[in-house]
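If you follow the hints, you should be able to join the two separate chains into one complex; please do so.
Protein chains in written order, with the numbering used here: chain A, 1 to 112; chain B, 113 to 223.
Just so you know, the hints here were simulated from the structure itself, not pulled from any lab data. Heads up, some of the hints might be wrong.
Taking lysine-lysine and the DSSO-like style, the derived pairs with C-alpha atoms no more than 30 Å apart in a straight line are [to be verified]: (1) K181(B) x K170(B); (2) K183(B) x K161(B); (3) K70(A) x K13(A); (4) K55(A) x K161(B); (5) K53(A) x K71(A); (6) K3(A) x K181(B); (7) K71(A) x K161(B); (8) K57(A) x K161(B); (9) K161(B) x K3(A); (10) K3(A) x K173(B); (11) K190(B) x K3(A); (12) K173(B) x K222(B).
Owing to the predicted nature of the structure, the values given are computational and were not obtained by experimental measurement.
What follows is the residue order along each chain.
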Amino acid sequence: DVKVTQSSRYLVKRTGEKVFLECVQDMDHENMFWYRQDPGLGLRLIYFSYDVKMKEKGDIPEGYSVSREKKERFSLILESASTNQTSMYLCASTSGDNYGYTFGSGTRLTVV
Amino acid sequence: AQSVSQHNHHVILSEAASLELGCNYSYGGTVNLFWYVQYPGQHLQLLLKYFSGDPLVKGIKGFEAEFIKSKFSFNLRKPSVQWSDTAEYFCAVNANNDMRFGAGTRLTVKP
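Isolated chain B (complex conformation) (with noise of 0.2 Å):
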């Protein structure tokens, strides 16, 4: 079965630093591609999503995600974070209707 990795565990950046998010998944064929949030105390929600064709996607809120097929990567990105945007992220792959989720990165950004 397919798996995917979110190398960081926890994040802690101050407002204004540019932020990284490193997500790799094992599957080689096809794939759909997301990037959920989950804000202290709220359920998951949709950030972005890849599906084919630019492989740069843009989300709400100021993020984006670049899909590298070579590299089996989907890196969430943001130029300047906000102590709004603590939270924890969770990357995901659907492959033949196979949705496979991260375990999560934990986001703490300081005032």
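This is chain A alone, in the form it adopts within the complex (with noise of 0.2 Å):
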């Protein structure tokens, strides 16, 4: 069974803290995603990434950057933590276009 694996399934952190959240998958996808997910706002693209060292940014890219100097990771960073920055973030791989995303469980963030 094909897999993406989100390294925490709950964090909390403190305001100004540095945070890594880390994702890899056994599928050898080369795209890969980062999203947070709010209520009433489905899923925000933070980054992605179709390559080993390769970012672009997504919709709402302000206060985290990314890192993939493996195919199989995929870290999303908050760079100082922020109460804005709680909710719930979503890793992603796909092998392309015309398929669906394969999503990690998910970690749970909360900023105080």
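Written out as structure tokens, the structure is:
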């Protein structure tokens, strides 16, 4: 069974902390994505990557950065966490346009 | 940029009732269409997808969706819902490698 694994299910961090969210996929997918999911807003794209060391901004990249040093791993970084970044973060991967995304279980981040 | 609209935020049905969840999108070109489901406490899962061909597509668990190009719609249907269908449903549209999700519809099925 193909998998996208997010390292933490729940995280609580303090304002100003640097936060790392890790995502690993075992499907050899080129394309990986980070979304945040908020009630009534659906999924909003933060960053995506189509290849190793490649990254592109999504719709809401402010306050975030990403790293993709290996094909299977795509990390989301909150440079200085703020309370408005409290959310559910979802990682997804796909092998191409014609295929659906495979999602991880999500990381619920609370910034206090 | 394209957008995806899901008209119903929260739908409450009794078991055995029929379901139709609306989804409209704004992009005028070629699109790939998806419905995802998120059961309570679980990750998003693909329910069904449309790329080309028969505009009526069947997915898992008895769900189906119909692509109506002239209406820019991709509505999700199920003839008879079950309590286990309680979940949040997301419509998604992919055009030119740009995937957009709707805001989601929460479905509550009363036993």
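Going through the hints against the structure:
| no. | hint | result |
| --- | --- | --- |
| 1 | K181(B) x K170(B) | holds (17 Å) |
| 2 | K183(B) x K161(B) | holds (18 Å) |
| 3 | K70(A) x K13(A) | holds (26 Å) |
| 4 | K55(A) x K161(B) | holds (27 Å) |
| 5 | K53(A) x K71(A) | holds (9 Å) |
| 6 | K3(A) x K181(B) | violated (33 Å) |
| 7 | K71(A) x K161(B) | holds (26 Å) |
| 8 | K57(A) x K161(B) | holds (26 Å) |
| 9 | K161(B) x K3(A) | holds (19 Å) |
| 10 | K3(A) x K173(B) | holds (21 Å) |
| 11 | K190(B) x K3(A) | holds (28 Å) |
| 12 | K173(B) x K222(B) | holds (18 Å) |
When the structure is compared with the earlier hints, a violation turns up for hint 6 alone.
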